[in-house]
Amino acid sequence: MAARNTTVQNQDFDVREHRRKQNEMAQALQSKKKSYKLEDVVQLVLSIHSDGNATREELQRYISLLDRQLSERLQDVVTKLATTQTTVEDNEKATMEQHQKLSSSTDRLHETAMKTAKEFQQSLSNQLADMHSRINQEMRRHEEKITDLYDKLGLTRHCLIEPYKPWVSFPVVLGYN
Numbered sequence: 031m032a033a034r035n036t037t038v039q040n041q042d043f044d045v046r047e048h049r050r051k052q053n054e055m056a057q058a059l060q061s062k063k064k065s066y067k068l069e070d071v072v073q074l075v076l077s078i079h080s081d082g083n084a085t086r087e088e089l090q091r092y093i094s095l096l097d098r099q100l101s102e103r104l105q106d107v108v109t110k111l112a113t114t115q116t117t118v119e120d121n122e123k124a125t126m127e128q129h130q131k132l133s134s135s136t137d138r139l140h141e142t143a144m145k146t147a148k149e150f151q152q153s154l155s156n157q158l159a160d161m162h163s164r165i166n167q168e169m170r171r172h173e174e175k176i177t178d179l180y181d182k183l184g185l186t187r188h189c190l191i192e193p194y195k196p197w198v199s200f201p202v203v204l205g206y207n
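So for the sequence shown, the numbering used here puts the first residue at 31; every next one is plus one.
Because the hints were derived from the structure by calculation, they are not lab data.
Computed Cβ-Cβ distance ranges for the label pairs, DEER-style:
hint	residue 1	residue 2	range
1	Lys182	Thr142	57 to 65 Å
2	Leu100	Asp120	24 to 32 Å
3	Glu141	Tyr180	51 to 59 Å
4	Thr146	Glu119	34 to 42 Å
5	Ser135	Leu100	49 to 57 Å
6	Lys145	Thr116	38 to 46 Å
7	Ala159	Leu132	38 to 46 Å
8	Asn53	Asp120	43 to 51 Å
9	Glu173	Ser134	56 to 64 Å
10	Met144	Gln167	31 to 39 Å
11	Asp70	His129	46 to 54 Å
12	Asp106	Thr146	53 to 61 Å
Where a beta carbon is used, it is the ideal one built from N, C-alpha and C, also for glycine.
Could you put together the complete structure from these sequences and hints?
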């Protein structure tokens, strides 16, 4: 019998401790001093309801508290979502602007490179034409000097060049005739 009384006393203590925790949580929720997890608030409402000791008004008050907490959390989520969406949109806009700047810079760089290449090609072409012109002038001057020299010697170029053609006399020298 003593063991049974101890068990009943322990159960009474557990019930009183449970109710004390419920009241403490309910008061904290009402005063907004402490924020509890939604699961804890739901557990509080369910345990008060299952105990059968709560009046309809108490249950209604706890459900209102739960509703308030849910509304606050939902508002926080909506605010965070809106902030995140704004941030994402801002990042997308910044990325597009950077892409446009990069594209524009690439186009300008390509135009500059093509212009520079064209100018360089034209410069090389002009230098080559000048060099070719100078070489031709030099060759004409040498040709004139050689012709003057032939004239002074009284010779024609044909007589001097003919005996020195190795492709004409070479087979004869080797005996291939």
